[in-house]
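Asker: Fit chain B to the given chain A structure using the hints.
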Amino acid sequence: MSTKVFLASAALGLLAAGLPAWAHHSFAAEFDINKPVKLQGTVTQMEWINPHSWIHIDVKEPDGKVVNWMVEGGSPNILLRRGFTKKSLEPGTVIVVDGYQAKSGDARANGANITFPDGKRLFLGGSNPNEQPQK
Amino acid sequence: MIRSFRCTLAAVVLIPAAALAQTKPTPAKTWTQPKTAWGDPDIQGVWPGTAMIGTPLERDKSLGTRAYLTEDEYAKRQDRAKNQSAIDSEETVSDLTRCDPKRGGLGNTATTCSNGVSIGPPLYWDDRGKPSKQASLVMDPPDGRIPALTPEAQKAAADRAAARRARPCAGTAGGCHDSWEDESLWDRCITRGTVGSIVPNTYNQGNQILQTPGLVVLRNEMIHETRVIPIDGRPHLPAGIRTWMGDSRGHWDGNTLVVETTNFRNGTVVGNTPASENLKLTERFARASADTLNYSVTIDDPKTWTKPWTISFPLKNEPNYVLYEYACHEGNYYMLNALKGARAEEEKKNGR
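So the protein lines, in turn, are chains A and B. Counting from 29, one number per residue, gives the positions in the first sequence under the numbering used here. Counting from -14, one number per residue, gives the positions in the second sequence under the numbering used here.
These are computed hints drawn from the structure, not numbers from a lab. Check before you lean on any hint, since a few could be wrong.
[Said to hold, decoys possible] Far from chain A, some chain B residues (derived; all Cβ distances over 10 Å):
#1 P19
#2 K20
#3 D111
#4 A141
#5 A147
#6 R234
#7 R328
[Unchecked claim] The calculated lysine-lysine pairs, modelled on DSS-like cross-linking and capped at a C-alpha distance of 30 Å, are:
#8 B:K46 x B:K265
#9 B:K292 x B:K46
#10 B:K288 x B:K265
#11 B:K288 x A:K66
#12 B:K301 x B:K46
#13 A:K63 x B:K333
#14 A:K93 x B:K325
#15 A:K88 x A:K148
#16 A:K63 x B:K325
#17 B:K333 x A:K93
#18 B:K46 x A:K66
#19 A:K93 x A:K66
#20 A:K88 x B:K333
#21 B:K140 x B:K288
#22 A:K114 x B:K67
#23 A:K148 x B:K67
#24 B:K334 x A:K63
#25 A:K88 x A:K63
#26 A:K114 x B:K334
#27 B:K46 x B:K288
#28 A:K114 x A:K66
#29 A:K148 x A:K114
#30 B:K334 x B:K20
#31 B:K46 x B:K67
#32 B:K301 x B:K61
#33 B:K301 x B:K265
#34 B:K61 x B:K20
#35 A:K115 x B:K67
#36 A:K66 x A:K88
#37 B:K325 x A:K88
#38 A:K66 x B:K325
#39 A:K93 x A:K148
Idealized CB from N, CA, C, for every residue including glycine.
One chain only, chain A, in its complex shape (with noise of 0.2 Å):
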């Protein structure tokens, strides 16, 4: 399969603020603005682990080298609920990731838009378990 990783720097100021009361950890101490990654690269696992699943995937890189990066993705309770399940992305599957970098370095993302090669979504499926009103 075709693998092609790029990453883009953009010089972006950016302000530090406050959490607003009950807030979700920071992305922005986690992952770099600055450093966005297209990432097409094969399932290898994918840890169902609270607060937060990670897929990893091996991308190979221009020069040949293959990289398993980890990208953090949404709490397994709400996939599960949402229609994700084990079967959704089984080892093997291809996708595209796009997102951004660890701040460390590491090969870690955040995915922004996770996709098929064909474009479509990765999550699609699940139809939204809260567009009930209540009675």
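Answerer: Frame of chain A, contents of chain B only:
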């Protein structure tokens, strides 16, 4: 996005007359409170708070003391929920969309959405809840707003903010991560606090209740909290023993389980606000029907807030909801990424 709220008489005890006057009467049904084999009211089951996630904690000021929306306001809330669901289901979501606060991106703060670029997570990570007519989760004071901090607590908050601003790391994107102690109690997998563990927020809002003679066990999915609550009349622990989740004692008031919790250690949190060791919580669990358990918690900490306040909402029975293992610290790559990321930033700054 929220949902309707039915109050039982028992759950309403702490809610003022203004809120009561607007409470819709529960339709008469033939449901009767079941009892356990040993005669206690049976409130066992899996009771997620997921449905109420979209209900704002504090009420919009324009609603004043109205605890419930009008039909028109409710219809608008339903429209917004439908719109959000459509956005969440889009094939791909642009940075612009994810940074638009009106489009509900999770974790979108000024730092994750600078110049229209978002490094927040995909939108489908977030539970949205269901539209309800309840205007806010805070039901007392009557305006649905958290009371002002005491002058002492305001000064402490200002001092903390000033100390943060004075640190060299204060201007770094993502804030200060010099040590694990810079992370919140939640991020450190210690606790989200007794209140934060059950008040609906983001995702993983499962709760489970089990009963045995003399004990009630309350388990919160976020983050793997379990309180084993004696209901046999025994006194609280000695004042010198203090914990993050406090010491809970329960009793039955009719069919309502009343749980009083004290003995908090200094620095436990209600939301992100540190509370004092004087914090006292009074929770009420009252089953209103086979699938609804009304919950309220009154937060009383005269050192921190100028008056007590009450959060109240229904929990819904979902027998098929599963609370998965929350080996939080083991799976908490966030801590590693944030601390390593901050070290890398430092090295870059120092030209290494």
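Asker: Determine for every hint whether it applies to the structure shown.
Answerer: Consistency of the hints with the structure:
| no. | hint | verdict |
| --- | --- | --- |
| 1 | P19 | holds, 22 Å |
| 2 | K20 | holds, 27 Å |
| 3 | D111 | violated, 8 Å |
| 4 | A141 | holds, 15 Å |
| 5 | A147 | holds, 12 Å |
| 6 | R234 | holds, 27 Å |
| 7 | R328 | violated, 7 Å |
| 8 | B:K46 x B:K265 | holds, 27 Å |
| 9 | B:K292 x B:K46 | holds, 19 Å |
| 10 | B:K288 x B:K265 | holds, 11 Å |
| 11 | B:K288 x A:K66 | violated, 51 Å |
| 12 | B:K301 x B:K46 | holds, 28 Å |
| 13 | A:K63 x B:K333 | holds, 14 Å |
| 14 | A:K93 x B:K325 | holds, 24 Å |
| 15 | A:K88 x A:K148 | holds, 22 Å |
| 16 | A:K63 x B:K325 | holds, 16 Å |
| 17 | B:K333 x A:K93 | holds, 26 Å |
| 18 | B:K46 x A:K66 | violated, 44 Å |
| 19 | A:K93 x A:K66 | holds, 16 Å |
| 20 | A:K88 x B:K333 | holds, 27 Å |
| 21 | B:K140 x B:K288 | holds, 12 Å |
| 22 | A:K114 x B:K67 | holds, 28 Å |
| 23 | A:K148 x B:K67 | holds, 22 Å |
| 24 | B:K334 x A:K63 | holds, 16 Å |
| 25 | A:K88 x A:K63 | holds, 18 Å |
| 26 | A:K114 x B:K334 | violated, 42 Å |
| 27 | B:K46 x B:K288 | holds, 25 Å |
| 28 | A:K114 x A:K66 | holds, 24 Å |
| 29 | A:K148 x A:K114 | holds, 18 Å |
| 30 | B:K334 x B:K20 | violated, 65 Å |
| 31 | B:K46 x B:K67 | holds, 24 Å |
| 32 | B:K301 x B:K61 | holds, 23 Å |
| 33 | B:K301 x B:K265 | holds, 26 Å |
| 34 | B:K61 x B:K20 | violated, 40 Å |
| 35 | A:K115 x B:K67 | holds, 28 Å |
| 36 | A:K66 x A:K88 | holds, 12 Å |
| 37 | B:K325 x A:K88 | holds, 25 Å |
| 38 | A:K66 x B:K325 | holds, 22 Å |
| 39 | A:K93 x A:K148 | holds, 27 Å |
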